[in-house]
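Residue numbers (the numbering used here), protein chains in the order written: chain E, 1 to 347; chain A, 1 to 174.
In case anyone wonders, no lab produced these hints; they're calculated from the structure. Be aware that a few hints might be false.
Partial list, derived from the structure: chain A residues whose beta carbon lies under 8 Å from chain E [to be verified]:
1) 15
2) 61
3) 96
4) 99
Calculated from the model, a selection of chain A residues having no Cβ within reach of chain E, i.e. all distances over 10 Å [what the hints assert, rightly or not]:
5) 58
6) 72
7) 156
Note that the Cβ used here is the ideal one computed from N, Cα and C, for glycine as well.
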Amino acid sequence: MPIYSVSRRRAIVLLVLSSILLLTIDLRGNPLVDRARSAFATVLSPFETAGRVVATPIRNAWHGATDYQQLERENQHLRDEIARQKGDQLAARAIVSEYQELLTLNGLTAKYPTVSARVVGESPGNFRQTVEIDRGSNDGILVGMAVVNYAGLVGKITTVYDNRSVVLLATDQEYAIEAKVSAAAGLPTSSSTADTTPSGIPVGDLGTTTTAASTTTTAPGSKAPSGAITPQSTTTTTTPGVGGATTTTLPLVVQRETGGFEGRGVDKLPAMRFVAEGAINVGAVVTTTGGSKSLAPPDIVIGEVINIVRRPGSAGPLLEIKLAADLAQLNFVQVVLYRPPSEVPAR
Amino acid sequence: MEALLRRPIFRIVPVALMLIALQRVAMDGIHLWGVVPQIVLAFCAASGVPGGADRAAWLGFVVGLMFDLGTGSPLGQHALAFGLAGYTAGLVNVVAVDPHWWLSMMFVALGAAVGEFTIPVVQTFVSDGGWHGERLSTILPVVAITSAALSVIFIPLSRWCLAIRKKTWKARVE
């Protein structure tokens with residue numbers, strides 16, 4: 001039988017045309033297809049449960065054989081990391097507490113309810129980065145909601161069934177979100193306080209208040225206006241009659257850039273584009289911007305800048321981002337019950 | 001009733017359901033050089049050896065549709081990919097009347113590679129996902145080789161699913 005016989009050609013043409021037809025119907029959005037998917041998920045569910053029972057020992061044996069040494073190294077590394085982070089955690093907790101207080105004082109607090117979910121499956125293919133979670137529309141989850149874990153942003157909901165949902169991970173090429181990056185690379189790098197007050201007079205009594213966010217200098221008996229935010233601020237206070245002076249030098253770096261964060265597939269780090277040249281340093285924290293067009297509420301941590309690729313022309317630098325959340329080791333996640341306005345269907 | 005149950009569709013559907021469930025729950029953690037072996041694709045490609053290009057194409061199409069429904073990928077994407085995989089592997093029957101095991105394996109590998117390659121091609125047309133150029137050079141060989149290895153199990157299984165009796169004669173070797 002020749003390769004290109006009439007019946008064979010007919011078969012292949014029919015196959016291609018049927019597939020294209022189905023793709024077109026599905027991409028235009030069809031409630032019948034959605035119902036079919038939901039029904040199929042119900043049919044598939046007992047098979048998956050059975051498959052999980054059969055596959056778990058096999059998978060464990062596979063991981064035992066292939067990942068043992070890596071796990072041991074990782075365990076060692078994690079112990080070191082935990083020890084280092086204990087100190088950081090205490091400092092961070094104090095800062096977060098102060099930050100929350102400030103937000104509350106200014107009426108800026110916005111809390112969104114979340115739904116905790118367990119990751120029950122990963123992408124079965126090699127071309128999309130998705131995971132499946134065991135919560136769905138019965139728990140109030142809708143398409144477009146952001147998914148986070150304790151470390152930071154994980155992705156967004158793309159498909160919702162009654163009791164399960166599909167999460168598109170932030171590393172997928174189709175994922176993009178508005179993000180902001182603070183130019184401050186972590187904590188102030190150099191801060192020196194030269195106390196020239198004669199001994200016996202506490203510095204606090206001089207009435208000098210200096211913070212990283214704003215600089216206020218108040219001499220006794222007078223009120224000075226708030227200082228402008230500059231990359232470097234020097235405050236000098238002279239106390240009449242005492243003859244002392246306090247000089248405080250703080251690097252006040254509060255530049256902030258917004259841009260577009262996007263996933264670039266499993267073999268490349270996610271990146272951020274459209275930021276200005278020269279403002280950002282390695283180590284800067286990337287968070288969501290929020291706003292009416294953003295897919296997530298503001299100030300969810302995405303990750304940190306680990307590399308800056310300078311590009312010629314007006315393209316601006318490309319920031320390579322290391323995600324805060326480890327997407328390879330997801331067990332539990334939280335779905336933020338915040339639906340971005342851009343995802344709400346028009347009435 | 002017995003004749004009805006012997007129809008291929010009543011065998012293909014439960015087998016496909018089991019394989020899709022296994023692909024989703026078992027294979028997600030099993031990576032070879034970062035690539036997930038594709039057992040459903042391997043089954044569709046393997047069906048080309050006993051079933052021939054036409055039957056394997058339709059089996060691939062049906063199983064691919066089920067895969068699309070179960071995984072949330074665009075309906076028709078895997079149907080086309082698996083159909084082409086079966087069709088390509090089925091061309092082994094054009095090359096040899098009674099193919100040797102190694103020839104069957106080669107065509108299953110080729111079919112699987114064609115099927116896996118089709119997925120990003122379709123994705124490029126239907127979504128924002130970009131081209132996976134460099135990574136394809138790892139994905140395609142791994143998927144092809146694992147499919148060839150799995151064909152040892154899947155050729156007899158697909159023969160049973162398609163209700164094809166095993167050949168009892170041997171081609172004469174001159």
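When the hints from earlier in the document are held up against this structure, which numbers fail? Violated: hints 1, 3, 4, 5 and 6.
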